[in-house]
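K.L.:
Each chain, written out:
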Amino acid sequence: MSNEVMSALKKDYIYNLILKGERSDGRAFDEFRDIELRTNVIEKAEGSAWLKLGKTEVLVGVKLQVGKPFPDSADQGVIITSLELNPIASPDFEAGPPRENAIEMARVADRGIRESGAIDLTKLCITEGEEVWMVFIDVHVLNNYGNIQDAASLGAIAALMTATIPAEREGKGEDSPLPIRDMPLAVTLVNIGGSMLVDPGLDEEAVCGTRITIVSNQDGSISGMQKSGDGALTEEQLLSAVEMACKKASQIREANLLNI
Amino acid sequence: MSDKPEKFIDENGLRLDGRQVDEMRPMKMELGVISRADGSCYLEWGKNKVMAAVYGPRELHPRRMQKADSVLIRYRYNMAAFSVEDRIRPGPNRRSIEISKVSREAFEPVVLTHLYPGAVIDVFAEVLQADAGTRTAAINAASMALADAGIPMKGLVAACAVGKVDGQLVLDLNKAEDNFGDADFPMTFTQDGEVSLVQMDGNFTQEEFKQAVEMCKEGCQKILGMQQEALRNKFAGELSTDEVDVELIEEDVVEAESDDVDEGAAEPEEVDEDVEESQDDVEDHSMIKADEPEFEEDEPEDEPESEEDEPEEETA
Amino acid sequence: MECNIVIPGQFLSDDAGKSGHGTYVKDGKVYSLLYGIMNAKNKMSVIPFSSKYIPSRKDFVVGTVINVTPSNWIFDIGSPYDGLLHVSEYPRRVDSDKMSGIMGISDSALLRVKDVSSSMKVELSMRERGLRALKTGRILEVSPAKVPRVIGHGGSMVSMLKKETNCEIFVGQNGRIWIDGTDGNMDRLAEAVEMIMEHSHSSGLTDRVCRFLRNVSDDDSENDENTQKGDFAEDEEDECKVHGDACRTVDALLDAEDE
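As given, the protein sequences belong to chains A, B and C, one line each in that order.
Mapping of the first sequence onto my numbering: position 94 corresponds to residue 94, and the numbering continues sequentially without gaps.
Mapping of the second sequence onto my numbering: position 171 corresponds to residue 171, and the numbering continues sequentially without gaps.
Mapping of the third sequence onto my numbering: position 258 corresponds to residue 258, and the numbering continues sequentially without gaps.
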């Protein structure tokens, strides 16, 4: 048994609970697990956030380096987001280069941050066409208890919001805070038995056929979306998911990000 | 990159960070931090931050990697991209692969590998922040994670490094001493004083070397004490709230074998036969297979490579 | 009684003859191999806090199918070693192509360990009354080391649980417990098992859990509870009395020893 197979009995149990309007950990369908967030935990990183979403735990580090801009955006800094499903975090993760799940989650997180304009890339320009700041966002998963996507997204924005541009170290002037002007947050819902559940736990991820992640911004606009899994959603489910995601994102923002 | 300091040890005999030459950086640890793993330990040593977790024994795939008569130990030392000043690309590199190998070999002499043939014990050590001595920090954390996972070991393993700066031996190098010093000498000691990891990089005279070993050994003994304390303290609070009835536990172990294990299902008659089984068999509860040699026999030891003159009385 | 937490390599005794489970001998002295609780009752033995289930002949286990081959079902039994149920060990004759229909991947079953070879090849059997594929119910997971607590002295704990929750219970040595009953009763039973896990080191646990189950039942509906009690008094009085009394006697003896 290299990957744990969930017994049909367990799947039935979770499924039936949901039909009764309950979740296996007692949460409401629209309830997130408890969030614990600490920033500036890794001094060597320019920004960092240690995040617990229920028992899911991720550590996000932000590092900045001087590099060359892309030719078609000569005056803009560069964002590079990586996520590793590290084998330390789950018996199901294997060592090796990131595979499709890890890559998908990294790219969804990346797009959400990029498209929201949270980082004004022109402010990261040092010398047009020659030198810009490259922002590396690295998500290190420590414990998987479901919904790494949302944990990664929240950790990333928290790390960015508390990051410093290490200008002194690179001889480019004085250190200054990384200018962040929005707080994009991913909220993931899963479809089990026709009901949409927010913040899927480990068991719920194993049972669901469809996952939808929506990244929204402070003003309620949407900067990213991704459906994954082998099932499908009705149009109605999709629209209500988007509405729910924006609502939850704003609650999480208020509870966790306004004071850091 | 910082420049080489002019002096590493000041006129009062103190190092750049205020320590004595034989003083280690402060260390603290916490067990059971990764709930998905079978055992885990978060450890801070100076500014080093490492997370170790153990999965196993568990099934090993592909089959061709399975060892017929013992468990395979795998050790993966990995540094987070943001753990150092200059970001490193994620993934294994030559350095981390070498460290993984020698670290695994540090544990192989103490784990009772013959108990789980064909299976694997995976040890993961993630460096979240690095500040010289990450491989030794990782080993110290891994040692506790293995104990936390219930892996049978002859004893814990402690690791520390000795270096040389300004002609003086120093214990537990910091970053500057590691980068600009004249030697880096990490070792691990097992609980009975054997050396299961030795690496050296730099320059020692024979005399310096002997002193370095002594210094390292003392450091490791202190670390061992801290590991033991952390393990004891993990449950101290919990267990003291209930009456601990240790007697009951062995009673249960004995009784279980002689009882109808599942009331509603199997024939009670068949299980009753087990009642006649000898006490010894019954004590070998499912944790250790009855066929396996009892631990009573003396473990055949290889000739110890320790530098000290410790008389090892072999009675095998 | 002080808690005797021991760690690997810890010295336990000068008497090599006292080496029990979870210990080893070196130079005539006994040391612990495990991180756990030491028991010095007869020999020195150590019960680890954390352990994997290693199958033994005659163990009852609850398993989940992870693969079906032309002649075997391969079961995950919560161990580093999978179990094989050969088609001849199924209670009826089965054609190869019908196997998945009877039990497919993710189906669970009640089984017995028939044999474990020295290379850890685990053979399972279903050729016993009471063993079968499962279609209903739930599987609870507990630490294998604490399974004896769920069974109790002379089966006292498990019979009490059955009586108080009106559920079928099959306790697997591999730390998996299959239960079946009404949803409400299964919920209570699951809570009771959690309580056993949390307080596994305490004495008098059977009574404590019994009281817990009765209190919960009281809150829900007194009528039901009274009806249940009445029924049981008639049918299972003898059976329960034997186990109940035995357990109380043994518990009392143990308590006396402690004082």
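Don't take each hint at face value.
To be verified - In silico DSS-like links for lysine-lysine, alpha-carbon gap of 27 Å or less: (1) K175(B) / K172(A); (2) K217(B) / K163(C); (3) K29(C) / K10(A); (4) K29(C) / K222(B); (5) K47(B) / K55(A); (6) K222(B) / K172(A).
These are calculated hints, taken from the structure and not from any lab test.
K.L.:
Now look at each hint and say whether the structure bears it out.
P.N.:
For each hint, the structure was consulted:
1. K175(B) / K172(A): holds, 24 Å
2. K217(B) / K163(C): Given pair K217(B), K163(C) is violated - Cα atoms ~59 Å apart, limit 27 Å.
3. K29(C) / K10(A): violated, 48 Å
4. K29(C) / K222(B): holds, 23 Å
5. K47(B) / K55(A): holds, 25 Å
6. K222(B) / K172(A): The hint is violated at about 44 Å.
The earlier numbered hints that this structure contradicts are 2, 3 and 6.
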